[in-house]
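The lines below spell out each chain.
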Amino acid sequence: MAVRKSTELTKRLATCSALTALALIFSYVEVLIPFSFGIPGIKLGLANIVVLICIYTLGAKYGLLINLARIALVALLFGNAFSVVYAVSGGLISLAVMLIAKKAGVFSVIGVSMAGGVFHNLGQLLVAALVMQTSRIMYYFPVLLISGMITGIVTGFIATLVLRALKYLKK
Amino acid sequence: MITKADIILAVVLLILGLGSPFLLRADAGEQSRVIITVDEDELGNYVLSEDRVLALTESGLKDLGKNGQKGTGGEEILNLIVIKDGSVRVTEANCKGNDCVRMGPITREGEIIACLPHRMLITISEGGETPDVVIN
Chain E
20 MAVRKSTELT
30 KRLATCSALT
40 ALALIFSYVE
50 VLIPFSFGIP
60 GIKLGLANIV
70 VLICIYTLGA
80 KYGLLINLAR
90 IALVALLFGN
100 AFSVVYAVSG
110 GLISLAVMLI
120 AKKAGVFSVI
130 GVSMAGGVFH
140 NLGQLLVAAL
150 VMQTSRIMYY
160 FPVLLISGMI
170 TGIVTGFIAT
180 LVLRALKYLK
190 K
Chain D
126 MITKADIILA
136 VVLLILGLGS
146 PFLLRADAGE
156 QSRVIITVDE
166 DELGNYVLSE
176 DRVLALTESG
186 LKDLGKNGQK
196 GTGGEEILNL
206 IVIKDGSVRV
216 TEANCKGNDC
226 VRMGPITREG
236 EIIACLPHRM
246 LITISEGGET
256 PDVVIN
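Going down the list, the sequences are from chains E and D. Note that the working numbering has the first sequence beginning at 20, numbered continuously upward. Note that the working numbering has the second sequence beginning at 126, numbered continuously upward.
The hints are simulated quantities; they were obtained by calculation from the structure and are not laboratory data. Nothing here was measured: the structure is a model prediction, and the numbers come from that model. The C-beta atom is built at its ideal place from N, Cα and C for all residues, glycine as well. Among these hints, one or two may not hold up.
So these bits of chain E aren't anywhere near chain D, every CB distance computed over 10 Å [unchecked claim]: (1) F45; (2) V50; (3) A123; (4) F126; (5) I129; (6) M168.
Derived DSBU-like pairs (lysine-lysine); straight-line CA-CA distance at most 30 Å [as the list claims (entries may be wrong)]: (7) K129/D - K186/E; (8) K122/E - K129/D; (9) K122/E - K80/E; (10) K80/E - K209/D.
With the C-beta cut set under 10 Å, the calculated list includes, among others, these residues of chain D facing chain E [to be verified]: (11) M126; (12) T128; (13) L141.
Excised from the complex, chain E in its bound form (with noise of 0.2 Å):
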């Protein structure tokens, strides 16, 4: 029994390990290829697929590790200080959320993603206005929730790909 139960957590680790790289590997293809379409402010957020089959395959416990280790890194990496303070208000609250769309039941991928992309873009708003000590900031508000909800929509679709091939959700 100890046996197998240390073979399940390695076998944890492992793919832990593996999601984190492959999160750490979209983000720096991001940094590599901007997908801004011609809009400041706007990713296509691939790293969220790799949140996302996370929390659904291994739980919410382990979206979090592994969110938190790949902004930590990427910030060591390509990031300054002021991004940590994005990155991290925009992946907590995206990740917050997405687990209350799935704890609801009712929301497919999908519409998880959607709320996740719509709630990463406002977190980081507000801290911006923080930041800034302006509020005209919000004007921006409704260009990044759209945007947030068709990055959404991408990410959710792929990782409803990516679940169904892993046999994690019926067709």
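Given chain E, put chain D in place with the hints provided.
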């Protein structure tokens, strides 16, 4: 793959997104400034809450006082700008179109009156500090 709840969520978010500009539109506050520029040179920066009459002439912007009692010294007025009760409007213009006059008063932050013939812009802007730096 997509549930009914997804679609409801999407519709709610879309309505919020498209409706929020109207909810967020800030009324001008005590600190709001009226900024008058010609060719992007700032000619005047006044407090919106203080009544004032301004005249744009060939030689620049002239302050005609609270009720416009002062004259321009014989110079032709290109645009007559009136700041009154927290609103700004152009009451006279010597051009043919008079678009700026017909725009009526502006009261909210971010609103603009433009006069193309004289390359003049009147903007209401948030008072107080501006950000030191904007990070992409």
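Against the structure, the hints:
1. The non-interface label for F45/E is consistent with chain D: the shortest C-beta to C-beta separation is roughly 20 Å, beyond 10 Å.
2. The beta carbon of V50/E is kept farther than 10 Å from every beta carbon of chain D, the shortest such distance being approximately 13 Å.
3. A Cβ of chain D approaches the Cβ of A123/E within 10 Å, the least distance being about 8 Å, so the stated non-interface status is violated.
4. Not every C-beta of chain D lies more than 10 Å from that of F126/E, the closest at about 5 Å, which undercuts listing it as non-interface.
5. The beta carbon of I129/E sits about 6 Å from the closest Cβ of chain D, which is not more than 10 Å, so the claim that it is off the interface is violated.
6. The Cβ of M168/E does not lie farther than 10 Å from every Cβ of chain D; its closest approach is about 6 Å, which violates its non-interface assignment.
7. Between K129/D and K186/E, the direct Cα distance comes to roughly 23 Å. Compliance with the 30 Å bound is thereby established for this hinted pair.
8. Among the hinted pairs, K122/E with K129/D is consistent with the structure: their alpha-carbon atoms are about 16 Å apart, no more than 30 Å.
9. Taking the CA atoms of K122/E and K80/E, the gap is near 14 Å; set against the 30 Å cutoff, the hint holds.
10. Between K80/E and K209/D, the direct Cα distance comes to roughly 59 Å. Violation of the 30 Å bound is thereby established for this hinted pair.
11. Using the Cβ-Cβ criterion of 10 Å, the hint placing M126/D at the interface with chain E is satisfied: the shortest such distance is roughly 6 Å.
12. At a threshold of 10 Å, the smallest CB-CB gap from T128/D to chain E is about 5 Å, leaving the interface hint in force.
13. Using the Cβ-Cβ criterion of 10 Å, the hint placing L141/D at the interface with chain E is satisfied: the shortest such distance is roughly 7 Å.
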